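Visitor: Let the sequences and hints guide you as you build the complete structure.
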Amino acid sequence: MHKWVVQAVVAGLVLTSPGQPSHRHPETDPGCGAGDHSSRAVYSISTQAGSVLELRFSDSHRCAWGFLSTRGVGELWIDRTSDAGETWEGLLGKSRSRVFSAAGTTYTTGYADSPPIMVRVCGRDVFPGIARFISSIAETYTQTVCSDWF
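Residue 15 in full-length UniProt numbering sits at position 15 of the sequence shown, with consecutive numbering throughout.
Hints in this document: simulated from the structure, not taken from any laboratory.
For clarity, every value in this text was computed on a predicted model and none was experimentally measured.
All C-beta atoms, glycine included, are put in the ideal place defined by N, C-alpha and C.
Errors might be hidden in some of the hints.
[Unchecked claim] Using C-beta positions, here's what the derived DEER-type ranges look like:
#: 1; residue 1: GLY90; residue 2: SER114; range: 18 to 26 Å
#: 2; residue 1: ASP59; residue 2: PRO116; range: 12 to 20 Å
#: 3; residue 1: THR142; residue 2: SER60; range: 30 to 38 Å
#: 4; residue 1: THR142; residue 2: PRO115; range: 30 to 38 Å
#: 5; residue 1: GLY50; residue 2: LYS94; range: 18 to 26 Å
#: 6; residue 1: TRP149; residue 2: SER46; range: 14 to 22 Å
#: 7; residue 1: PRO115; residue 2: GLY50; range: 30 to 38 Å
#: 8; residue 1: PHE127; residue 2: ALA84; range: 32 to 40 Å
#: 9; residue 1: VAL42; residue 2: SER82; range: 17 to 25 Å
#: 10; residue 1: SER114; residue 2: GLU86; range: 14 to 22 Å
#: 11; residue 1: GLY85; residue 2: SER60; range: 20 to 28 Å
#: 12; residue 1: ASP59; residue 2: GLN143; range: 30 to 38 Å
Guide: Next comes the structure, spelled out in structure tokens:
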């Protein structure tokens, strides 16, 4: 009899334990990262200086990230919303390309993109100037551009 009570208690604990959450953590999920070859560009936009920003999406992993191709220095990041853009968390995965590095390309981190979550890619060109030598002359930027929400 005692053995059955112990088994019932253990079974009850197993059935009522919270377990693992069902949401994915895009920063640690190996399937939700930049460079997924099964991804597709869902938006492509250009900056004033001609850099190309893409919002890339993986159907198999339900995640998205930004890609930047530029001849100079550029910045890109992901904005994420759960209320269709009324409010958003911005500057996620902010990344900067460097002059002469892989033809000026860079990626953001991948982020889960399942309803109601929506993301967009934003970016701008950076003109470093001579801020390293004269502290009063700072970097200048082109106007920030963003894709539509996806």
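Visitor: Checked against the structure, which of the hints given earlier come out wrong?
Guide: none
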